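S.K.: Under this note's numbering, the first residue of the sequence shown is numbered 1, with each subsequent residue one higher.
If you are wondering where the hints come from, they were derived from the structure by calculation, not from laboratory data.
In this text, all values refer to a predicted model and were calculated from it rather than measured experimentally.
Be careful, since some hints might not be right.
Restraint-style ranges between C-beta atoms, simulated for each label pair [claimed, not checked]:
no.: 1; residue 1: E61; residue 2: D22; range: 30 to 40 Å
no.: 2; residue 1: P83; residue 2: Y40; range: 26 to 36 Å
no.: 3; residue 1: R194; residue 2: P120; range: 29 to 39 Å
no.: 4; residue 1: Y40; residue 2: P120; range: 31 to 41 Å
Within a straight-line C-alpha distance of at most 30 Å, the following computed BS3-like cross-link-like pairs (lysine-lysine) qualify [said to hold, decoys possible]:
no.: 5; residue 1: K169; residue 2: K130
no.: 6; residue 1: K147; residue 2: K24
no.: 7; residue 1: K169; residue 2: K154
no.: 8; residue 1: K130; residue 2: K69
no.: 9; residue 1: K147; residue 2: K71
no.: 10; residue 1: K169; residue 2: K147
no.: 11; residue 1: K169; residue 2: K71
no.: 12; residue 1: K100; residue 2: K154
no.: 13; residue 1: K24; residue 2: K100
no.: 14; residue 1: K169; residue 2: K69
no.: 15; residue 1: K24; residue 2: K130
no.: 16; residue 1: K69; residue 2: K154
no.: 17; residue 1: K147; residue 2: K130
no.: 18; residue 1: K147; residue 2: K100
no.: 19; residue 1: K69; residue 2: K100
no.: 20; residue 1: K71; residue 2: K154
no.: 21; residue 1: K147; residue 2: K69
no.: 22; residue 1: K130; residue 2: K71
no.: 23; residue 1: K130; residue 2: K100
no.: 24; residue 1: K154; residue 2: K130
no.: 25; residue 1: K100; residue 2: K71
For glycine and all other residues, C-beta sits at the position ideal for the given N, C-alpha and C.
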Amino acid sequence: MSLAVDNPIINSPFEEPSQYWDYKEGQPIRTSGRRPAGYYLRPRTRGAQLSMFEEEFVPLELVNSIREKVKSWRERNYPGVTPITRQLLNHWNNPERERKLFFCQREAAETLIWLIEASPAERQSMMIPKDEFNHSGKGALTRFACKMATGSGKTVVMGMAIAWQILNKLANPQDRRYSDAVLLVCPNLTIRERLQVLLPE
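All chains, full assembly: derive it from the sequences and hints.
M.R.: The following block contains the structure:
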């Protein structure tokens with residue numbers, strides 16, 4: 001049984017995925033729609049190594065729900081965003097851009113913006129967990145994660161998020177949703193050197 005397909009790439013990196021290879025039945029099946037976010041869970045059994053088909057797929061329901069909400073929000077032209085944010089979104093989505101952004105880059109930035117700027121009604125019935133207060137009673141930092149593949153342009157998304165935050169803070173200094181300070185945490189010196197491109201010069 002082979003997992004290989006003759007044409008594995010079936011979507012444009014610049015557009016939302018519209019089809020995917022589904023291996024649920026033991027053979028690659030070209031399926032319409034977007035692959036649900038999730039992971040495969042290996043049962044706690046001993047013996048021979050299990051194949052992918054014997055593992056249980058666990059969907060990430062919150063991620064899939066957020067994707068749908070952000071898609072609907074995008075299709076309604078981002079209601080609730082600030083004028084600065086709208087200018088940025090128009091710039092990032094401009095089809096005439098010399099260097100177009102990947103869909104995953106735009107979606108990551110849109111998701112961060114949706115979490116902060118969309119009206120509470122957009123997130124109604126959704127439970128987005130937050131860090132708990134620490135032992136001193138002070139609240140921890142709010143943390144949002146954007147999971148992106150290797151080579152998908154994470155550094156560019158970091159730059160987009162920084163621009164969105166700082167430009168909005170400059171335009172609205174009293175708005176506590178934004179910050180004019182940025183902290184980058186790097187796992188090693190190599191990554192630190194690569195992130196020098198984010199320094200304003």
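S.K.: Hints numbered earlier in the text: which of these fail when held up against the supplied structure?
M.R.: The structure conflicts with hints 1, 2, 13, 15 and 23, although it agrees with all the remaining ones.
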